[in-house]
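Participant: Below, each chain spelled out in residue letters.
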Amino acid sequence: MSNKSVLDVLTHSPGTSIGVFLVAIHLLSALFGFLFVPYGPTELAGVSLLAPGSPGFSLGTDVIGRDYLTRLVLGGRTSIFVAMLGVMIAVVSGGLIGVSAAYIGGFYDDVIMRLVDIKLSIPGILFVALCVVGFGRSIPVLTIVIAINYMPGALRIIRSQAMTQVPLDYVKSARLRGDSKLSVIVRELCPNVLEVVVVEFAIRTSSAILAVSALSFLGLGISPPTPDWGLMVYEGIQQIYFAPWLVLFPAFLISTLVIGLNFATDGLANALGLDAARGLD
Amino acid sequence: MLIAILRRVGLSLIIICLVAVLVFLATEVLPGDALDVFLTSDDLMTMEAEDIEALRHEYGLDKPAVERFWQWFSGVVVGDFGVTFIDKTPVSDVIWDPLLNSLLLATVITLIAIPVALAIGILTGYYRGRKADSMVSSLAIIGYSIPDFVIGTLLIMFFAVWIPIFPALILVFADASVLELLKVSLMPAVTVIIGHVAHLSRLLRVGFIEAMNCEFVERARLSGIPEKRIVFRHALPASVIPSLNSMALFIGNLLSGLIVIEKVFGYPGLGLQLLEAVDKREVHVVQAVTFLGAVLVIGMNLLADLAIIILDPRVRSHKHE
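Residue numbers (numbering that gives the first Met the number 0), protein chains in the order written: chain A, 0 to 280; chain B, 0 to 320.
Check each hint, because a few of them may be wrong.
Simulated restraints on C-beta separations [said to hold, decoys possible]:
| no. | chain 1 | residue 1 | chain 2 | residue 2 | range |
| --- | --- | --- | --- | --- | --- |
| 1 | A | Met-87 | B | Lys-227 | 22 to 32 Å |
| 2 | A | Pro-37 | B | His-56 | 55 to 65 Å |
| 3 | A | Ser-159 | B | His-56 | 15 to 25 Å |
| 4 | A | Leu-43 | B | Pro-163 | 46 to 56 Å |
| 5 | A | Gly-272 | B | Cys-213 | 36 to 46 Å |
| 6 | A | Gln-237 | B | Val-76 | 54 to 64 Å |
| 7 | A | Gly-104 | B | Pro-236 | 31 to 41 Å |
| 8 | A | Gly-64 | B | Gln-70 | 27 to 37 Å |
Some chain B residues flagged as far from chain A (calculated, every beta-carbon gap over 12 Å) [stated by the list, open to error]:
| no. | residue |
| --- | --- |
| 9 | Ala-19 |
| 10 | Glu-52 |
| 11 | Ala-64 |
| 12 | Asp-79 |
| 13 | Trp-95 |
| 14 | Leu-103 |
| 15 | Pro-114 |
| 16 | Ser-137 |
| 17 | Ala-139 |
| 18 | Leu-168 |
| 19 | Val-230 |
| 20 | Leu-235 |
| 21 | Val-239 |
| 22 | Gly-251 |
| 23 | Phe-290 |
| 24 | Ile-308 |
No lab work stands behind these hints, which were simulated from the structure alone. Glycine is no exception: its CB is placed at the ideal position from the N, C-alpha and C atoms.
Same shape as in the complex, but just chain B:
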């Protein structure tokens, strides 16, 4: 088991390194360099060639790409993503508060969405083939077909414009207290839940149906164990294992999925920070956010796989072969 875990962790670390290479390549090497991206054509016309060279030297951009990558990546490992062009604040300072805010929102959503989806998944899986089951699967399609920004905007229209019980725009600073943020995270969370819970419940339903079809459920039924106990004590724990990857995928993609939601509601999270950075062409901030987003996805997948290795005896012994 230890070997399986180590191998899985090692693989994730390698993928993280390769993602770093890709993230670096995408903006630094292909279309000129970070300074070309940052400077507009107006800047280039008004500035002397020597000034631009001096700037390039100041930011260390005249060094070869491999050396710059190494410099960037060795900083990233210790949480240093470089500095912004405009006022040279460390990128890590710029993204720290928004990152925490986004993680808070993601946690709120996860804590509501996973239990709700699990409940719907069990109910529709248990009564599969009935009307409610096919209704949920239609709702799932409709839910993930409607863009998040449409759901969010409609919520604003209903609950801020027509029945004004919520503010249309969140006016909270990035360093607001957790309590303040929790208050404003309700509408964004509801938006994600409307759009994605039905779909997530479809994925969890598959695992539950598989578990209910297992021999041990049949045996439990034959030995006269009450149905309720079979569902909650026998099938449910067994169904969690195949569902872990779906949950990990959901959580891993939340951070990037929140970009749209944060824009709709003006929630001061990482997504809003990213869009601002794209506007100002702060390459280092965009790199950092992209890298963090990928690390979260890889990390959640790793956690799910590790949990499966630890929890599932079949995988545990299989890995030894």
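Next up, chain A with everything else stripped away, as it sits in the complex:
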């Protein structure tokens, strides 16, 4: 990012600007929305299934009479929080392990990479189902499962970036002046893979938000009565004939959030000269 200002990155292309704008709105609403909502998220405030535009309920009510505007505003923050925290743990721990594997190499590297292979061959959603059966359904379990799920992929990418740094002179000279392994990894290598780590965090967060909402839709993620867009789409399907807005509003919100994240990430990766178009694993 050395010769580009933050503003340049944020306005890299029209798509990037739109993405950043969408993400900003969603983050602000997730952070501060609770200050402005008219009712409590689980409060039975009105009659069941009021249409949008009813007095006192600008977006109507859901099937048991909770204010839909309130639930929509608060419906993103839990999954955003779980996804971001989980991916943060994944990228930081995966990054440290990946960099150390690249630097130390040998048997340690082999073992780590075989473990990565194993984990990558288990489809994420099946892994979550397995954990939900074993450990029950709760926010901490979900966060840890997301972290474990996204760690191997991030680890592999960050390791391969670190591999390009290990043979360089600054690493050699650090080793020759007698720095410990830990010091080389933390003080020399980590700062130089930071850009990749940031992009990995961005790419995987949007994927994790999709995953969490899909899991909630399936009944494996966030549980009722917590408002959540994935869950709300599922609950709305039962009323699809009489109250299609129950599906349309949360579907619109989750889609705009992830579209925004992906456009912003694409721009970020392009601006940093990295390739974001590769597939997720």
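Position chain B against the provided structure of chain A, taking the given hints into account.
Facilitator: Chain B alone, transformed into the frame defined by chain A:
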């Protein structure tokens, strides 16, 4: 070449074994055992300690974990995944029909998605940098950003509620005939295709561009071979090789990707069976499905790698070193 193939197959078998260990560990050892998972807290309150011990003995759960793993894994090798807790039917019977249904749906999707993605990949790769190219890449981002369950639900809203030409919910039993299943697989297939074809075409486009940049394409052009022939006879076959891994990844992940789709449409596949098993806490069914899902991913990757070893002379000779 034979050595390379054998080494690759061996590696896959080792990974499959290690996945089995992980799948077993995740539910059997860490949080108590399968019975603890299956019994709810109500059950535990109403049941005597001796009864629970008796049950534990009945299911062989009082044996050490290593022995149980061996028992489970030696069954898995011959397709025996144990029995369900509720009525003791073999797990393989429970998942057989849904597995076939899911594979049918996955086949339908693959047969449509890969050619379409290949066509888009070639077109956008050939005319890269033009408007249509950047439009497809934006569509790819939008496509994989919208959750599958949203695309599916919107399709239901359009084509079952507003213009009622399809049923909103698939009411077909797991043992329905192939013809019946094909009829109802259209909407689920379209959902996956809307969401993922543009993205897949991006991956295939990369391989095509690489092939078009090769020397042999330049030489063919200089010797006056018509452009159409260059694209289809020279560049396309060469581009398939680097794309094989992307295709394998797509197909390998279909089975698990279908879980959401099956839930949206009520398609009687493995995903729906899995969710039911999670609800009933049938540990053995969940284990079996997870294991099969991983085997499919490993198997598709293996097939792609083997195809590359056989088709690509460079890899073939390289492996001998």
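Participant: Need the list of violated hint numbers for this structure, in ascending order.
Facilitator: Result: hints 1, 3, 4, 5, 6, 8, 9, 16, 17, 18, 22, 23 break, sorted rising.
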